[in-house]
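**Q** Build out the structure end to end from the sequences listed, making use of the hints.
Residue numbers (the numbering used here), protein chains in the order written: chain B, 185 to 300; chain X, 1270 to 1385.
Honestly, the hints are just simulated from the structure, not real lab data.
None of the values given here were measured: they were computed from a predicted structure.
For glycine and all other residues, C-beta sits at the position ideal for the given N, C-alpha and C.
Incorrect hints may have been included.
[Claimed, not checked] Facing chain B, a subset of chain X residues (Cβ under 8 Å, in silico):
1. Tyr-1302
2. Pro-1309
3. Gly-1312
4. Leu-1314
5. Lys-1339
[As the list claims (entries may be wrong)] Cβ-to-Cβ under 10 Å is the rule here; a few derived chain X residues that face chain B:
6. Phe-1316
7. Phe-1360
8. Ala-1385
[Said to hold, decoys possible] List time: in silico DSS-like cross-link candidates among lysine-lysine, alpha-carbon distance up to 30 Å:
9. X:Lys-1382 / B:Lys-204
10. X:Lys-1272 / B:Lys-248
11. B:Lys-225 / X:Lys-1382
12. B:Lys-225 / X:Lys-1307
13. X:Lys-1382 / B:Lys-239
14. B:Lys-204 / X:Lys-1307
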Amino acid sequence: GAVVSQHPSRVICKSGTSVKIECRSLDFQATTMFWYRQFPKQSLMLMATSNEGSKATYEQGVEKDKFLINHASLTLSTLTVTSAHPEDSSFYICSASAGGGNQPQHFGDGTRLSIL
Amino acid sequence: AQKVTQAQTEISVVEKEDVTLDCVYETRDTTYYLFWYKQPPSGELVFLIRRNSFDEQNEISGRYSWNFQKSTSSFNFTITASQVVDSAVYFCALSGGYSGTYKYIFGTGTRLKVLA
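**A** Set out below in structure tokens:
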């Protein structure tokens, strides 16, 4: 149980392209989804928290117009990197939680984004 | 402020050795949750364990065991008879009731290399 699917697993595209990453909870309802960014050999950096049906809460320093997050249902959240540039290249990981601090976050497999 | 410290950046052991990964945390919350995750080279984060602040029982799951000590604010993870498949980065995380979103505070991770 507690499976989170993230798609695509890898994206290579040209600078200026917008890229959409999907995160789905397959067997549970995720009241909260999180989006992280991870640089090589570093820890996960939280970008934003999204609750179903409401606007995402972004961490300090994360551009909300650059990283658009939509959490339209209890099983799907999307992250769109708009007009991506090489500095946006990174490993993006989503997680989903059924809610409450005692519920663990379950992570997707991550998306490796490479902007040429 | 909340903080998680994993002082061991990288550990190398020979197969079948026991290894302990340290995790020290700081929080002002009286109710909080601690987690361990494994990130193999493929990138996905695998949930290993959750511990509530009011439950100091140690836990054993196969070759894995966890030692939670509130007196020293530590939540250490021991792998007994390590195997090559245990090679991964291990993250300790703290979640509390602050801001109501139950965000994780991750440690910087410990890279474990198990040599055959």
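**Q** Kindly indicate which numbered hints from before are broken by the structure, ordering the numbers from low to high.
**A** 2, 5, 8, 9, 13
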